[in-house]
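Protein chains in written order, with the working numbering: chain A, 1 to 170; chain B, 1 to 631.
Hints are computed from structural coordinates only; laboratory data are not their basis. Mixed in with the good hints, there may be bad ones.
Claimed, not checked - 35 Å max Cα-Cα, derived DSBU-like pairs, lysine-lysine:
1) K138(A) - K124(A)
2) K39(A) - K127(B)
3) K227(B) - K46(A)
4) K140(B) - K127(B)
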Amino acid sequence: MDHFARLGLPAALDLDAGTLDKAYFAGQRQWHPDRFVAKPPEERAKASTEAAALNDAYRTLKNPLDRAVYLAALKGVDLPGDGKTIDDPDLLMEAMEAREELEEAGTVRAVDALAAKVRGDFDKALKGLGSLFLANDKPAIRKALLRLRYLDKFGEEARARRTNIERGTG
Amino acid sequence: MSLLEIHEPGETPLPHAGEGTLAVGIDLGTTNSVVAISREGKPAALHDELGKALVPSVVAYPAAGGVLVGEEARLLTAREPKNVVASIKRLMGRGAADLHTVAGVLPYEIEPGTGQTDMVKLRIGGKARSPVEISAEILKALRLRAEAALEKPVERAVITVPAYFDDAARTATRDAARVAGLEVLRLVNEPTAAALAYGLDKGSEGLYAVYDLGGGTFDFSLLRLEKGVFQVLATGGDTALGGDDFDRAIAESMLAERTKDGLADVVDEGAVKAALALARVMKQQLSDRDHTSGRLELAGVPSFHTLTRPDFEGMISGGVKRTLDIARNVLSDADMKIEEVNGVVLVGGSTRVPLVRAEVAAMIGKPPLIDIDPDEVVALGAALQAEALTGGSETLLLDVTPLSLGLETMGGLVEKVVPRNTPIPVQLAQEFTTYQDGQSAMAIHVVQGEREMVEDCRSLARFELAGIPPMVAGAARIRVTFAVDADGLLTVSAEERTTGVAQRIEVKPSYGLSHDDMADMLYDSLDNAEEDVARRLIAEARVEARRGLLALDAALEKDGVLLSAEERGEIDTARTRLLTAIEGQDRDAITAAAEGLETLSKPFAERRMDRGIREALSGMSVNDLESRVGE
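Just chain B, same shape as in the assembly (with noise of 0.2 Å):
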């Protein structure tokens, strides 16, 4: 570990000893990517021979051997569709169950076996490939043009990552940069890149909006910009919904006319890919004009497909107005109102789309900013965050984390341990006691996710913290602390404190641990606010009769002597009783039949104090008692 951190430049002790090589900032996008520099304050995207910025995220591993990376890639998705891969960013410390189909297709292969348990992994070009290494190979090409475009060696970058990304996205997204002979200075958020590079170049102050749609991702951060500090108030979006949404929407139309029509088709991975290629012109198209028409053509069997402009805004209006709501419930928890948003910044390439802006436009009730090109801005600020960690910078960037983390407690619940839009880094601990007599063990088990039992979360990491000495139940005290640096990893440890054992252990949760949509979980969050409110109630009510029960059971094994037979035939009816209703939804019941039991249970418990307070005496001789009444 020491041996790896000696070779980081940032920790390099020399102030200057960098100065040989350059910093740069690189927008790792779903659809394209984006690298760029700053000198002086003045951040500029660089170009390919042909003065182009973007360089589209394929990667394609040609039969003929090699890998192509951006616009060559691309060129090779109708002669070797599975060769190719696009979109590779939406899979990133995602499983299997995190794949969007078209028409029930897939456009990737699966590596079988991959997904279940860890991220998921693709079989192109006739081998299994990580979305790390296929990551890397986009960042490598972008070096590269670095490096041809300065003239000099790139070895360090500040990468942007969609602000909603979990835990699991952001490492494979450091992971990457890794392989690609890349150190990351920092991962900073995309709206907040945007920001900065509005901010800075504008000298903008007050409240700020960033709607960043892009092609696999959507984020909504509210920001306060007041001289020379970006402060991000909250954020929030969804990893799974843009323009690649858009695309699946057409193919699967165009694919359904198809069928309308009497054609046959098989539709497999290429011509799914191929659908989907035809999709995205047809909805470029469609941003300067009312109708569009593409030729699409299967296993040499062509189809003629027309769309309109109000066609495809039927199809694409509940994304938008997903958008619309993220939009608000981020207003809601930075306790703002529209009213007090000075502008909104529109970035990502899906803001072309007529449709988005009008309706930001009139969400917000100002025209959106876009006076920077919305493909290159993210890298823009990147770069201007890279300058300035490189070169010192009165600039002062304050980002929140974007989802709640917690552990999971008794019941199936979440205790949050750090809320979401909690600044980072961050370092918060919460403590916890055992649930039963002599415990030695706790399962610790980390979730983000907004919603309030464990099974609606996305699961991070499970661990366990052995060794507890034997204690009464509620006696030790297991303090675990969360830690969120400043690119918005997550550091869990957990120690018992009462014994002064010091038993620490560190816990980075790794990728791909659960599959669950993390996307949804904030938005199901608000459609389940209540039932959730009833789950817990029910949950809270169950822990509390098991605890009960966990007593009493303890009681009758020691002192169950102290009952008559009927006594305790009545105490088990009631306890199986509970039992029962414990097993039910019925919080009512539950808390009712806990109660019966507490009112049976209660000369038995008396008497076991009587008992007790005799058994305290019976050490004392009948004399010894006698002189003392006689006192």
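The following block holds chain A by itself, in its conformation from the complex (with noise of 0.2 Å):
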């Protein structure tokens, strides 16, 4: 069953969060093992199961990446395992430059100023994936898909260089 169907939700790109949490909470509400703790061990091992499925389908569909990645899995569309490979020249680029300036820039300020444009691209670029996902543009997805989880994770590494500026160890 996919993490979808577990919850009982349509398989798309838009979910809302209240109506993610509202599925999921309904679902837990069954299986968690806190239900089942006077009933026989084959129940509260069915339970523990099913509970960590329900965990497994909300964290992954929470995040709107990790939503879209595993959207794109069900229909076909690979990404390299590692989450770190990149095998788009322009994206590579992009990446090369970006990390450039962030090991320029000095300041708490020049960082968040980089974080928010880099966060700025992700948010747009996140919102690009419905009509690459409405077209059906495979290979257009995937490109985008790469390009978001690179940006996911220059966010990070931006977050890490921060706070190494706050303590003066940067």
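Need the complex rebuilt from these two chains, each delivered in its own frame; the hints are there to steer you.
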């Protein structure tokens, strides 16, 4: 059963956070191990498996990027597994330039400005996914997802850089 | 195994079989413990004859025999310091390297030979005792108190643990309950229990933070409360930060003052305990006053000490700042802003320190919630959960795993399988492959922590998946599954999937396999995020280079004859250069040397390919070839 089906949701890119929570809570009300403390072992094992699957589904679908990657995989678009490989020359260039800028950013303000710009790029690219999925343009979906992954990772790196500057170790 | 399970009341198929006994909630604290019971959603702490709910978490093994727990045990500290142990919770699932000293002396006597690769044991009253059995004495005392108050047998309990407790400490707590004759219905995280008590009592909804600073541990959790659902969004903490550290700072300053005044003290276990006891009293007095004083007597020599609140605050400001840093990281993990927090609940005796209250209020921008006694709130929440688990309830408690769980991969790197703050229970798998041709076994090393390198994380277990059928490197598919149950306890299994040979091993990590101070790990990971990235890049370059070398060596062994002596010499030189680069710390040097070697060996690779084609054709006769040419 795929994650969408498990939560009784349509397999779509757009998913309202409230709707997801509602479906998830309903599932956990049924299967959380706390409700099976006094049940026989086989029922408890089943509940534990179901609750774990619900958690996996919830965790995946909650994050918009993870959800998009998962939905793309359902459509047969596979991404490199490690999430780091970049096989797109345009993206490679973008990544190298951004990394240089981050290394040169010496103040919290400069890092924040860069992070905000990348965050903006991320949001824009995420919005753009909708039409690609609608057109079922698999190569374009793949390209866009790889870029989103990179932008997401860059946000993490910017956070680390910011912390180091704040602590005076950067 | 199945015989044991039959006796677990939770597994009794009859729904009402447990009615004769009661289920209580227990807060097994570093400094104090509390037992509580809930009936029809109304929790209450159980008191002793004197009306006290708090049981000091102190155990004594008096020279006269027997065991004392609580206030009586504490009173024995002055007379028989070597027979009394306090703050045992800090040692649950820990090794010798995790212990904190006062002026270089431990307030415990360690049993020689323990705590190196296992949990540390203490020598008390002339006998080696483990933290598990000492904690069990506290749990037994709480159980007796509950049975006396309720006039019924008590056999089941929800026991709380710090959210940031690792697998080893959780397992140790569960074991202690077993020793005390209590079945653990569930281990619940302390901040979650506190939120439960608040949420159910006040009907609060929205985003709430719980700031829990106890005697020995700090937790910060962020929860969403909504129509009976208590969803933990993120948690963080430090299992070695609490009021004990404040006491230690005061005690060390007093001992230093004595030295300065020319007193030649022999600072031993007893002296440290006496200084700590006085320090705690002085700390507590400073919650209501601006200054205090105390008299410390060591080996019959008294000294007088004064302490002002600003002095004390200077001593603890580093620790308090650290709690606030952790709190900010938890907010960031949950992708939430401080302004979105509806309220912050204060838990733990150390939140009585005025500086702590003021700093938390300033950070959150709202006065903290202190309506429920911070010493009792965790036990009350545990009691509510015990009632919910045995009697049924509409409340839903959704918690998370506090620390990332992963495996060691090539180059000493950690591959995270279950990221921190993943909702539990959870079962996640990852596939790994072999590194060398014909590799028949794979060492699996399970670690817990946030850092990129294995050496910086806590080692939980090691096992080997053997019997992998011979395959070329990268062909095997080893699936490693991590399962974390609702108590936060981990089980790891592994199987090789290409061959259908179900090689399956299950491992329950045992405690104390490594003594890294895990509390520092998350904190360090922030300090070292950049350094970690750099180290990861170097490690990856090394792995890549070694893989190339393995392939080259295999080719040289098989087809080395295709090379002239000169060519072979050049390749060998480049090979040595790469090996040297791998040993170094310069990633660019490794990459450059690897590329150099690849360029040099390119003609060799081409010749091997030609030879391969020739060999493929060698089965044919000249006539065959000619006839083909003629076609």
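List, from low to high, the hint numbers that the structure doesn't satisfy. Structure breaks hint 2 only.
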